[in-house]
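Given next are the chains, with one letter for each unit.
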Amino acid sequence: MNIRPLQDRLIVECVEEETTTAGGIIIPDTASKEKPQEGVIIAAGKGKVTAEGKVLGMDVQVGDRVLFGKYAGTEIKVDGKAYLMMREDDILGVLEK
Amino acid sequence: MNIRPLQDRLIVECVEEETTTAGGIIIPDTASKEKPQEGVIIAAGKGKVTAEGKVLGMDVQVGDRVLFGKYAGTEIKVDGKAYLMMREDDILGVLEK
Amino acid sequence: MNIRPLQDRLIVECVEEETTTAGGIIIPDTASKEKPQEGVIIAAGKGKVTAEGKVLGMDVQVGDRVLFGKYAGTEIKVDGKAYLMMREDDILGVLEK
Amino acid sequence: MNIRPLQDRLIVECVEEETTTAGGIIIPDTASKEKPQEGVIIAAGKGKVTAEGKVLGMDVQVGDRVLFGKYAGTEIKVDGKAYLMMREDDILGVLEK
Amino acid sequence: MNIRPLQDRLIVECVEEETTTAGGIIIPDTASKEKPQEGVIIAAGKGKVTAEGKVLGMDVQVGDRVLFGKYAGTEIKVDGKAYLMMREDDILGVLEK
Amino acid sequence: MNIRPLQDRLIVECVEEETTTAGGIIIPDTASKEKPQEGVIIAAGKGKVTAEGKVLGMDVQVGDRVLFGKYAGTEIKVDGKAYLMMREDDILGVLEK
Amino acid sequence: MNIRPLQDRLIVECVEEETTTAGGIIIPDTASKEKPQEGVIIAAGKGKVTAEGKVLGMDVQVGDRVLFGKYAGTEIKVDGKAYLMMREDDILGVLEK
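Heads up: the sequence lines are chains A, B, C, D, E, F and G, in that order.
Heads up: the first sequence at position 42 corresponds to 42 in our numbering, and the numbers run straight through without jumps.
Heads up: the second sequence at position 77 corresponds to 77 in our numbering, and the numbers run straight through without jumps.
Heads up: the third sequence at position 14 corresponds to 14 in our numbering, and the numbers run straight through without jumps.
Heads up: the fourth sequence at position 1 corresponds to 1 in our numbering, and the numbers run straight through without jumps.
Heads up: the fifth sequence at position 46 corresponds to 46 in our numbering, and the numbers run straight through without jumps.
Heads up: the sixth sequence at position 33 corresponds to 33 in our numbering, and the numbers run straight through without jumps.
Heads up: the seventh sequence at position 3 corresponds to 3 in our numbering, and the numbers run straight through without jumps.
If we strip away everything but chain A, and leave its shape as in the complex, we get (with noise of 0.2 Å):
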């Protein structure tokens, strides 16, 4: 990927919800809440800035398999390719292998 996210900033790759993928996440259809969706982190910026300047490193990094709010980043598309552009606060929790 040619882009390189400022600060915080995480480019992500959605990943289509499998209804029943045995051991993966699977997100409700009838509730009520907000669902959170699952992609994977394809680049990443160094990390937030503090108020004084210091840069604080990332929680994670490229290729991590991500949960993050529905209506979390912004849509770009590189190649044609549609990914979303969102800060490390977004991300919910990074699923483990």
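Since the hints were derived computationally from the structure, they do not count as laboratory data.
Treat the hints with caution; some may be incorrect.
Said to hold, decoys possible - Just a sample of chain G residues kept apart from chain F, beta carbon distances all over 10 Å, derived:
(1) L6
(2) Q7
(3) C14
(4) E38
(5) E52
(6) L56
(7) G57
(8) M58
(9) D59
(10) R65
(11) G69
(12) M85
(13) D89
(14) L95
(15) K97
Claimed, not checked - Selected chain B positions facing chain A (Cβ under 8 Å, derived; list incomplete):
(16) I3
(17) L6
(18) E52
(19) G53
(20) Q61
(21) G63
(22) T74
(23) I76
(24) M85
Unchecked claim - Restricting the straight-line Cα-Cα distance to at most 25 Å, the calculated cross-link-like pairs of lysine-lysine (DSS-like) are:
(25) G:K54 / B:K54
(26) G:K54 / F:K70
(27) C:K70 / C:K48
(28) F:K70 / E:K70
(29) E:K46 / F:K48
The C-beta atom is built at its ideal place from N, Cα and C for all residues, glycine as well.
Given the structure of chain A, go ahead and fit chains B, C, D, E, F and G onto it with the hints provided.
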């Protein structure tokens, strides 16, 4: 559980509120105020990160039976079972054994 | 009580306001301003945690008879009895003996 | 008074505004702006607590005759008499003798 | 004046805006933007208190002729005369002699 | 000019936007976004004061030709001439000679 | 360019989005989310100033091709050509060559 929550996030398995368990927490049906709910922590992040990047430990741990507000957290499903992902600040108290 | 409140949270047992107890606090019925209520602290957390992770002690303790705003806290029921869970900041003052 | 206000809270006994006391503070009846009120401090907390837990002293003390905004504070009744509980920040100024 | 303003508060005596004083500040009647007003400081607090409790000095003093926003401050009356109580931050500038 | 602006405030004399000055800044008439304006600084305060009371210097000075947002500042009149009083943060950029 | 942006402000020349440039960023027409835009930085300030007055460097520089939100910045015209003035925080990412 194969999800690692980031920062001070927790994954909680809700406990259905039995109406008359002796010694348990019973939520009044007719209360006009927001009612807290009960659950068990099954995954926890490392803790909140301060503005300077220091990780503060968690005041709760996996296995704790906790109280939280009715609208706290985001519903997720793992292997077909629903959980709530929330932040440590959403936890009102821990039920001591 | 078998609940440990987190941080600066408190569990308070409300005291019914007797209209004419000598020396007691009487809330005027016709006041247009928000009326405070009276109660006794029956469980208390360790204190507020600063942004740097330092735990500040509590200025009130279990057994203190306190005043708090009418809409402070969240109602919980333990063994069929109702209590209020609130934060130390919701406490207006302590009734000295 | 048998109430200990927490932090930077104060208990103030309101002084009825006499319309023509020489040398006193007179509130104009027709002013369109919010009018301040006058009172005497009868109980005071130790002072505001900083985010790091340091207690700052109070700039007013019991006995001070003070000015405060018309809607400052919460009404409480002690032994059948009404007082206002407010914060030091609600005090506009002190009437020097 | 027998009032001691707390912190960074000031008591200002308003100056009626003469329409054509040479060298003076004239407020345009038809301006659509909020118009500043002119006055003289007759009492001043010690200065703003930082979050750590340090008192910062004042950048204006008693006797200064100042500009302030039209809706700044709270009207008070002392000995039948109206003044404005405001904060140092409400002062836009000082008219140099 | 006989006005000393406090802190990071500035007094700016607006420059009427000539529609076709070569090399100048021309504001498009039909833009739907908020248009910046141009002016010259004729008085400046010492700079912003930090929460700890330290005075930060100004990044602009008297004589600078500057760009600022259309709704920045408060109009004042000195000797019958209109100026704008604004804060350094309202300045978008400086036109270099 | 003869404009010096203050602090962390940037002047960006927008790049018209070609619909099918190979390897370029293509914004989907039908996306319901806010679409980012592309441009080149032609002037940059020294960087954000912390609350204590320290200047933090910029993470982007003149010549960088960047992505930013559709509504970021303020339009200005220099020598008849339109640019956007925005802050570094408005930049989502840098297109690496």
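Verification of the supplied hints:
Once the 10 Å rule is applied to beta carbons, L6 (chain G) is inconsistent with being away from chain F; the minimum gap is 5 Å. The beta carbon of Q7 (chain G) is not kept farther than 10 Å from every beta carbon of chain F, the shortest such distance being approximately 7 Å. Against the 10 Å criterion, C14 (chain G) stays outside the reach of chain F, whose nearest CB is about 12 Å from its own CB. Distance check for E38 (chain G) against chain F: the nearest CB is about 18 Å away, which clears 10 Å, and the non-interface claim stands.
Distance to chain F contradicts E52 (chain G) as a non-interface residue, since its nearest Cβ pair spans about 6 Å, not more than 10 Å. At the 10 Å boundary, the C-beta of L56 (chain G) stays outside the reach of chain F, the nearest C-beta of that chain being 14 Å off. The beta carbon of G57 (chain G) sits about 15 Å from the closest Cβ of chain F, which is more than 10 Å, so the claim that it is off the interface holds. With a minimum CB-CB distance of about 15 Å to chain F, M58 (chain G) clears the 10 Å threshold, and the non-interface call stands.
At roughly 19 Å from the closest C-beta of chain F, the C-beta of D59 (chain G) stays outside 10 Å, upholding its exclusion from the interface. Its beta-carbon lying about 21 Å from the closest one in chain F, R65 (chain G) satisfies the requirement of being farther than 10 Å from that chain. The Cβ of G69 (chain G) sits about 13 Å from the closest Cβ of chain F, beyond the 10 Å cut-off, so the non-interface label holds. Interface exclusion of M85 (chain G) from chain F breaks down, the closest Cβ pair being 5 Å apart, not more than 10 Å.
The Cβ of D89 (chain G) sits about 14 Å from the closest Cβ of chain F, beyond the 10 Å cut-off, so the non-interface label holds. Every CB of chain F is more than 10 Å from the CB of L95 (chain G) (nearest about 24 Å), matching its label as outside the interface. Listed as outside the interface, K97 (chain G) is consistent with that label: its C-beta sits roughly 27 Å from the nearest C-beta of chain F, beyond the 10 Å cut-off. The closest approach between the C-beta of I3 (chain B) and any C-beta of chain A is roughly 5 Å, which is under the 8 Å cut-off, so the hint is satisfied.
Checking L6 (chain B) against chain A: minimum C-beta separation of about 6 Å stays under 8 Å; hint holds. Residue-level restraint check for E52 (chain B) holds (minimum Cβ-Cβ distance to chain A is 6 Å; threshold 8 Å). At about 4 Å, the closest approach between the beta carbon of G53 (chain B) and any beta carbon in chain A falls short of 8 Å, and the interface hint on this residue holds. Because the closest C-beta pair between Q61 (chain B) and chain A is about 17 Å apart, greater than 8 Å, the hint is violated.
Nearest Cβ of chain A to the Cβ of G63 (chain B): about 18 Å, over the 8 Å cut. The hint is violated. Hint status for T74 (chain B): holds, given a least beta-carbon distance of 6 Å to chain A, under 8 Å. Contact between I76 (chain B) and chain A, as hinted, is supported at the beta carbon level, the nearest pair being about 6 Å apart and thus within 8 Å. Interface hint status for M85 (chain B): upheld, as the beta-carbon distance to the closest one in chain A is roughly 5 Å, under 8 Å.
For a cut-off of 25 Å, the pair hint linking K54 (chain G) to K54 (chain B) stands: about 21 Å separates their Cα positions. Restraint check for K54 (chain G) and K70 (chain F): not satisfied, since their Cα atoms lie roughly 29 Å apart, outside the 25 Å limit. For the hint linking K70 (chain C) to K48 (chain C), the alpha-carbon distance of about 22 Å falls within 25 Å, and the restraint holds. In summary, the hint linking K70 (chain F) to K70 (chain E) is supported, as the alpha carbons are separated by about 21 Å, within the 25 Å threshold.
The hinted pair formed by K46 (chain E) and K48 (chain F) meets the criterion: a straight-line CA distance of about 19 Å does not exceed 25 Å.
The structure does not agree with the numbered hints 1, 2, 5, 12, 20, 21 and 26 stated previously, though it agrees with the rest.
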